[in-house]
Every structure is written in C-alpha cells, then in structure tokens.
Amino acid sequence: MTKKGPGAIIKRFREITQKPHDYAKSLKAKGQLLSGYMCTHVPEEILYAAGIVPVRILSSHVSQAMSRSYIHETYCSFSHDCAYQGLQHSCDYLDLIVTSSSCIHMSEAFNVWVRFAGFQEKSFLIPYPHIIQTKPASDFLAASFGEFKQFVERVSKKAITDDDLERAVKVYNHNRRLLKRLWEFLRRDHSPITGPEVATATLASQVMDKEECNQMLEQLIQRLEAEPGKAPSGVRLMVTGGACDDLGIFDLIERLNYRASLVFVDSCTAARYFWFEVPEDRPNKLKALIEGYLGRIPCPAKDNVPGTGEKKRFRFIQQFIEDFKPDGVVFLYQRFCSPQPMDIVALKPIVEKLGIPSTELELDTTVPVIQFRTQLEALAEIITRVAP
Amino acid sequence: MKNDGKIVAGLDAGHIATKAVIMRGQKILGYSASPTGFDVVAAAETALHHALETSRISRWGLAGIVSTGIFRELLKESPLDVTMTIPEYAADAKGAFFQNKDSRTVIDIGGNIHKAMHYDQNGNLLDVIQNDKCADGLGIFYTSIARSLGLSEQELSELALKSTKDVSIAIQCALSAESEVIDLMCQGVDAADVADAASKFMSERVAAMCTYMPLTKEIVAAGGLAKSPALIKHLSRLIKRDLTVVDLPEYIGAIGAAMSYEGGK
Amino acid sequence: MAYTLTTWNDFKNYQTTRYRNYLFATQGLRCMGSTWSILAPLKGLGEDIHLIGGEPHAASAAGTFPDESREDIAAAEIGGLGFHSCSYLKLFTGEVIRDKIAITDKTIKEGYPRPDVIWTTHLCSQHSKWYQEVSRRLGGVPLYPIDMIGGGNAEKDPKIVDYVSDQVQEGIRWLERITGREFSDKLFIKAARNEIKVLVLWGNICALNMAAPAPLDERRLIALFPPAVVDRTTDEAVRLYEALLKEVRYMVETKDSVVPDQRYRIVYFGIAHTYGHPEMARILRDAGAEIVASVYTFGTCGNFRGFVNGKWSWEPLDLRWVDELDLSTRRKAITELVKIALGWPTWQGVRSYWALEEMAGAMVAEYNADGLLLAPSRSCETDFRNGYIAMQRIFKDRIPTVEYDTDQVDVRKMDLPGAQRKTELFVHLMEARKKGGARR
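Protein sequences, first through last, are from chains A, B and C. To get the working numbering, take the position in the first sequence, counting from 1, and add 817. To get the working numbering, take the position in the second sequence, counting from 1, and add 7. To get the working numbering, take the position in the third sequence, counting from 1, and add 728.
Just chain A, same shape as in the assembly (with noise of 0.2 Å):
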C-alpha cells in the first residue's frame, strides 16, 4: 500500500460508510463470499474462519413507509430502514444473513428479509440468550455456536478448523486492539484526530474485510503518532446510547458555536462492538468465542444481572467517563427504542452525581440538525458557564 496521509485513509474510511454496498461488492468482484449481519452479537469469527466476510447491515437514511406495512409504526427507524433495504433487495449479493436474537425491533428486520425478501433459505438466526451473566447462558451458547459453525461450514463447503478460527479471533483481536487505540487518542487535550473520525473509522470497519482494514488502521495511527495534535477539545462531549450510524450527528458536534469534541461514543455502533477480546490459543475455541461475547459491554436489551437486577453497562460507562473525561454526555437513541431510554432513566442519576450536564437526543430516519444542534449548543453553553 502507498504511503497515504491520515486525511486520505480516514476519506477512504468515510467512502466505505457512504457507499458499504459498493465496498460489498468490490469484494463479491474479487470472488468473496459475504454474509450480512444484523446484531454485534454475531459471532463474525466463526464466518471468517469460513472464508465469508461479514458485513454489518446499517442504515441508508432514505425516509421511507413502505416497511410500516411489514414493521409497526412504532418500531425504531434503524429496524425499519434495514428492513426496507431487503424488501428493495438492495442486498440480494449476500450470499447470507445472519443475526442473533437480541432486541426484537433488529429481530423483526431480520425476519422481513427473511419472509419477504429472498432470504429464507440462505439465514440463520442464533438463538443468542437475553440474560447473559449465568452458567446456563454460557452453556447454550455454547450449543448455539456448534450449531451456527455446522451450519457456515455447509455453506461455504468447507470444514473450520480450530487453526481457522484462531486465526480469525487474532485477526479480529488485533482490529479491536486498533481501534482501541485510535479511540485512545481522544483522550488527550490535543488529539491528532478527531471524535467523529474515529467514529467513521470504526463504522467503516463493520462493513470490512478485516484484514484490509486492520492495514488501514495501523497505517492510520502510525501517521497520527507522528503528527501534532489539534486544537484544544474545547467542551469535551461523550456519547452513549444506541445505534447511530449517522455520522453526520458526530460532525454536528463538532461544529457547534462553541468549541467542541466528541471524545467517546458508547454504542454498538461505536464502542460496545469492539471494546472486548476474545481469548486466544485456548484449547477450545468456541468456549473462547463465548467467554469473549458474553464478557463485552452490555447491551441494554441484555443487561439484566440476576439476583440484583444490576446493569453492568454501567460500570464500563463510568470507566469510560474516568479514562476520557467528558465534560458532557450526550445520550443518544433510536426513538422507540425500548432498553435504551429505560436505561438512560437509571442512568442519568448516576452522570448527575459525578457533576457531568447531560442531553438527550432521540434519533430517527434523519437528522433534525437545527434542533439538535439547539440542545447541543444549550449543553455547551450550560458546561462552558460552569466550568472555572
């Protein structure tokens, strides 16, 4: 690969966000098989192990009502554009699509490619546990992925070996660790990149061949250690909530009438998809897979530990507040989504405590940006009068 500047990778990563379905297919060109995928609870190694590359489903922000005769009304925008695309068969190149049982709004998408959309005979749904913290979550997982794993070797025709699924966890391992550090970055004052760039790099990478992007990554953060830091954060803001694939409300942050940075983005479009490992050269590697899926942050819809009800998302947001030290966060969510908001109400108590304004900003097909840019400015300027 030539020598490229951060500007030129981090416009290659913003292209494949743009167009995923293009990068998709130069792939399918070049004789890949690809699977869809719905949910980061997707366990993407045992597909690589495969030879498939997955590729994530996101938004394409097109407002649109013909999914509200196959989805309620009242379910989320990012479920009901992921179901419109199948019903446009704007992904008929997939040679799979595969999700986990997670929220039900993903699942009722997943299930209108199915039905309506050309997929019944090339999906798979893994019954994925909602209450993730106990032994027999661990266990049927456990039968969930034999069974995923026989099922992509019937596919691709091939057997996966335990050296292909190593050699898949340390591929994925080492893009989780790149992206690690790319966000690493915005701890500091003066950041060579910004929030909203880390947020298209890592968008960029759920619809990736792994191996390409890691390439891009490690190029990338050579030329930032190398390069003098920006301006001053400013106001520095943290994100978390559900997913966003808009990144158009990232840069909305950052050009805000007051100086601001978005230093974080908690969700499972940011954050939550990476920031975990999965074990490397156990002797069972599937065992290895589940201690790593089930180890991540929560997600909300999952995040139910029993016997005292905690919320274990918590715990890694308060660390994230500690390590990256926002001024502000910015609760972000689909509207109507269910888990999300009802966490943001234990929530929120919790960033009030530890002194920290906060926002929130529901989300839906487009982006309102006069209006959200009002909330944001609202935030900025409540945090710039209270800070010395």
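A portion of the hints provided could be inaccurate.
[As the list claims (entries may be wrong)] Once the Cα atoms are required to be at most 27 Å apart in a straight line, the calculated DSS-like pairs of lysine-lysine come out as: (1) C/K1039 <-> A/K939; (2) A/K1104 <-> C/K884; (3) C/K1163 <-> B/K224; (4) A/K952 <-> C/K1067; (5) A/K974 <-> A/K1104; (6) C/K1067 <-> B/K224; (7) A/K828 <-> B/K172; (8) C/K1163 <-> B/K108; (9) C/K1060 <-> A/K952; (10) A/K952 <-> C/K1124; (11) A/K939 <-> C/K884; (12) B/K247 <-> C/K1162; (13) C/K1124 <-> B/K140; (14) C/K884 <-> A/K952; (15) C/K1162 <-> B/K108; (16) A/K1104 <-> C/K1163; (17) A/K939 <-> C/K887.
[Unchecked claim] A few chain B residues that don't get close to chain A, going by computed Cβ distances all over 10 Å: (18) H22; (19) I23; (20) L36; (21) S155; (22) R212; (23) A215; (24) M216.
Bear in mind the hints are in silico, worked out from the structure with no lab data behind them. These numbers come from a predicted model, not from an experiment. For each residue, glycine too, the CB sits at the ideal point set by N, CA and C.
For chain A, the structure is supplied; the task is to place chains B and C on it using the hints.
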C-alpha cells in the same frame, strides 16, 4: 334507478370540510363545501345552502338527504333531518364508481383519514383498508405546511412539481414531519424541495397502507389531497400503478351518499 | 336467554383475596413477578407466599381506577420513562413512584408494599427493564430474571428446555439464599402440579368455545383467566377452574351461552386492552357478533395440544395426563413446568412469527370464525404489536380481517374513534360476506 327524477342531496361531513352535492338521477346539479370547524351542523347547512343555490333548487324540492362521513350521525337531527346515513367507505365506493365506471378501487386521501376501497361492477363495497393512527392527519398536515410556506394548498402543489432535489423527511407521523419541514426551512432548503418532500411523505403513508390490499387494475384517486399532482405522481410511482383522479375528487362521498338514497345504485 | 355463570363471584373473590394478601400481609413473603413466570418455585418457600404480577395488576387497576391509572402513567413519564414505553410497565412503576397502589376491590393503599423478592422473566426488552426499574426505585430489591428463550415448538427442544430448567434450578438456590428459607420440594411439587393443572383446565374451558353457540364471550373470558395469572398454584385455583369447566361443559350440552345471539363468530388477536373494549363490544353486540376465541385470553394462561406434525391445534390436553405426570423429583417438576410454560401459545407466538400465524389459522378454522379482528397494542414490544402486521396481509383474502390501533392501559394511545370506525367496518364486511358479497 329508484331515485330517478327525484332530487336528492348527499352530505359528507368530514374532519376538515363538509361537502354537499345535489343530484337528480345521474346528473350532478350543484355542489359546495364548507369548513367543518367546531359546528358540523352549521357547516352542513352552509354547504347545502350553497349547493342548492348553484343548482337553483329550493330546500323543499329535495326528496331526501343522505349523510355520510365521520360526523354523519350528528346530522340526523333537526334542522337537517337527514333521511338516512351511510358509512363513508360505502359512500366513497359508490361515488367513485359513479365518477368512473371502469374503476374498481378508489384511494381516498382525506383531511384526517385515508382509505382504499375495492368494489364490484355495481359499486358495491368488497373490501376496505384504512390508515392506522400514526398516519392520521395528512390533509391537516398539508394545510399546515402550505401555511408555513405562505402558500395556498394549490400553490404548494404546483411548487412541489418544480423540485429539483430529493429531500428526505422522517415519516413517523404528520407531527414529526411538520417538525422536520420547519427544520429544513431553517436550514435554507429550497421551498420547492420542501414542498415535494412533504408530498412524498404523504404519498408514502398512503402507499404503505395500500400494500395490505391487492390493488385492481383500474384505480382512481379521490379526496381533497388527490388534487395535488405532486402527491399523485409519487403515489403512482410507489404503488407502481397508473392513477386517475376522479372529477370532483373531494365530493365522491357526498355523491355516493346521494346515490344511495332509497337503496339506489 | 342469557346464561349467568354461577362460579363468577368465586373468581372475583379469589383474585381480590390474592391482591389483598399482598397488600396487607403482616407475615410471610411478598413476591413480585411477571405474569409469564413459572410460579410454583416461589411456593416451595412456604405456605405464606403472597404474589403480585405485573400485567394482571396493571390491567385490573386501569379498569377499576382509570383516573388513578392516568396519574400513575404520568408519574412514570415524569420520572423519565418514555411515552412509547409499555403502558403496563408505566402504570406499575408509577404506583411505586407515587407510593400508592390500587386493587380490584376499590382499595387504594397509601404506601407501596415492598416485595421481598422479584421473580420474573425476560419476555421482551421492556419487560426485562420493568422490574429492574422497580427494584431500583424500591432501594434495590433482589431480582431474578429467567430467560425464556422459547419460540414455536420450544417445549420439544431439549436444549431450550434444559437451558430454562437450569435457570429455574439456579433460581431456586438463589431464593433459598436470599430469603434464608429452606426450600420444600414437597410444597413445590404440589404447587407445580396445581400450576400445570390450572393451565390445562383453562385450555379445556377455552376449547369448549368451539361449540355453537360459544358458551363464553370475551368479556367473561377476560375476567375468568386473571385468577390463573395471579396465582395458579393453589388447591383453590384448581377447584375454581374444575368447577368452571364442569359448568361450561354443561352449557355446551344444553346449548346455553352468556350471549345466546351469536350471528358472527370472531377470532381476536390482540392484548386485552382496558379502554375501548366496551365500545367495541357494543358495536359488535348490536350486530350479534361475539369474540369466541382470543389468543391473549386463551394463550397467556392456557395450554392446548399445540404443534402436532407442524400444524397447530387448539384442542385441549387431557387432564388425566396432568395427574399421571412424573413430578417425583425437583428436577422433574422443574422440567415439566418449563415445558408447559414454553408450550403456552403466547410464549410461542412472541418469539416465532410462524407459530403465531399457524395459531391464527388454526383458531379461525377450529372456532369456525366469520371474521378476524386484529388489535396491535402501540405500547407493546412483542407480537402483540408487530405480529399482526403480516397477519393482515395473510388473512385478508380468506376472511374479513380488520386491524385497529389500541393500547393496553394508556387511554391516550387508544385510538377510540378510529377503533370504533374500524369495528363498524369489520361488521359491515362480515355482513357483506355472509350475504355473498365482499369476496374477490
């Protein structure tokens, strides 16, 4: 026809407007509409009065009055003393069939409710599909957007046809759409593009409803919003069918009501 | 002439007594939990266990105290719960926030009785959060959620049965630790057999509605199943439902019905929404239309033959099978309980769209329906909102099918005028179909 020769009035008491039609047999003698407001009886009286004036018929010349529409029952008592009432979907089917004998499906896009009716070769109702709650209020939304842009509804419709850029607005409901439209205006988006986005939003809601019912070949559009060519253009594209707008599209309910007098066909 | 059920008051009293016990008990254990949980394990902790379940309580509170319920929901929203959240959840949480609870005998108690444990299930993403929120607001009540991963035919999948059974087994150990009580297998097994029996009894009662005229209408069905939901583990519950079964069998023999004029038989797929039901019922009754079968009232607390060779049947299970069940050990009892719960139509439909659609088809056929009324609830996360979207498309050609928007207990979200219009339309379509029209 049973009511051949008799002069009959049909009243369609809707959310936004109350319409009156005067008919003799197969002939429409006159029609008029009045905003329903908070007094549907007064609105019906006004509409009826003007329709009779344009028909040059006196009130006493009427053999009967049939009411339909969401507020049809409120017109039963004095002073209107309607002869009978008929559900709006049945009236719409008859009215649409009357206006276009080749049609077998009508999509009626009204002020608050939109629905699609499938009927037989005599205009008898076979099936109906109606919008869900989130899709309420398309006509009200349209009027509101026109007002926000300082235009009449007709001007809004004409402006939409001049759009050169596709703009998306969230389509959860008319309320959120209105909020988005205002946001777009504040961002400086071209008014024609905003007008077209609003038309597209409404047509998408209607089209989504239509997927529940297999559509026949001969489809017509009716209701006040059918007068928007931009909306009809989008709707036609979305349902992948040619759409004809009937004459007097907002009056088909009143026409159907009049046609139903004494069980008439 | 309309038949009057002799067992009616006994059912009302049973439900009320259970609620009063929870509210006013000075001894024993208060257990809060989900309607959809397996209840027998709680009864292994002793004979002084007082239960309250989320859905039946919220539904009955809304029906008895509409104004209080509105205040509860408002309090929950002010407390941060979203407008779009489950209205049962909001009503229930709102009571906790307002520190006030209202029950079916018109009692309003100041001071919310804090449960000792919460024993619940992960029914949906909201349900999971529901009890977490209640636990948090009450200062951290010990909470044990069970993942009923379920779906169509789930009770026949040993992997799923074992998974759920393992959780219940762990849960029992947890209950002992938390309460400090020794778990009695004797009490548990007795409660388990009663629980299974009541579920099968209710299924038998519902299946009798296949007769013409159907002996029971929806109004009665909605009122007769809550006792099973509230506490189906007692000997008294078994006696109640045995008496009801006997009575309804008699009604079928004598061709009696609580509503004799039944010109149209309706299958209803929707949650039992509190508001608007009387208005819908009036429109239907005027046309001689009655809901004779309903997935929610039948399937939330009743078991049927279910899937046999890929086809669903609403035929009842043999009661003798319950008596013959081997519940000789704790694990065996757990396993049978889990299977029966996973076999509930609602547990199956809520996880598998295909199961729901099979059930609907079977219900329309077996109950000889003239129309299918769909009422998705705007607050509900599950198939009770979404499942009916596809069903409209599937059934519209076969049978008059109309869908109207509703909500469980939030009157603001209940589209009453729209629902009334659509119910009228539904009647019109059924009438036209019967006359030979309304067919493509």
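Hints versus structure:
{"no.": "1", "hint": "C/K1039 <-> A/K939", "in the structure": "holds, 24 Å"}
{"no.": "2", "hint": "A/K1104 <-> C/K884", "in the structure": "holds, 26 Å"}
{"no.": "3", "hint": "C/K1163 <-> B/K224", "in the structure": "holds, 26 Å"}
{"no.": "4", "hint": "A/K952 <-> C/K1067", "in the structure": "holds, 20 Å"}
{"no.": "5", "hint": "A/K974 <-> A/K1104", "in the structure": "holds, 23 Å"}
{"no.": "6", "hint": "C/K1067 <-> B/K224", "in the structure": "violated, 50 Å"}
{"no.": "7", "hint": "A/K828 <-> B/K172", "in the structure": "holds, 25 Å"}
{"no.": "8", "hint": "C/K1163 <-> B/K108", "in the structure": "holds, 23 Å"}
{"no.": "9", "hint": "C/K1060 <-> A/K952", "in the structure": "holds, 20 Å"}
{"no.": "10", "hint": "A/K952 <-> C/K1124", "in the structure": "violated, 46 Å"}
{"no.": "11", "hint": "A/K939 <-> C/K884", "in the structure": "holds, 25 Å"}
{"no.": "12", "hint": "B/K247 <-> C/K1162", "in the structure": "violated, 33 Å"}
{"no.": "13", "hint": "C/K1124 <-> B/K140", "in the structure": "holds, 20 Å"}
{"no.": "14", "hint": "C/K884 <-> A/K952", "in the structure": "holds, 22 Å"}
{"no.": "15", "hint": "C/K1162 <-> B/K108", "in the structure": "holds, 26 Å"}
{"no.": "16", "hint": "A/K1104 <-> C/K1163", "in the structure": "violated, 64 Å"}
{"no.": "17", "hint": "A/K939 <-> C/K887", "in the structure": "holds, 23 Å"}
{"no.": "18", "hint": "H22", "in the structure": "holds, 20 Å"}
{"no.": "19", "hint": "I23", "in the structure": "holds, 22 Å"}
{"no.": "20", "hint": "L36", "in the structure": "holds, 40 Å"}
{"no.": "21", "hint": "S155", "in the structure": "holds, 14 Å"}
{"no.": "22", "hint": "R212", "in the structure": "violated, 5 Å"}
{"no.": "23", "hint": "A215", "in the structure": "violated, 4 Å"}
{"no.": "24", "hint": "M216", "in the structure": "violated, 7 Å"}
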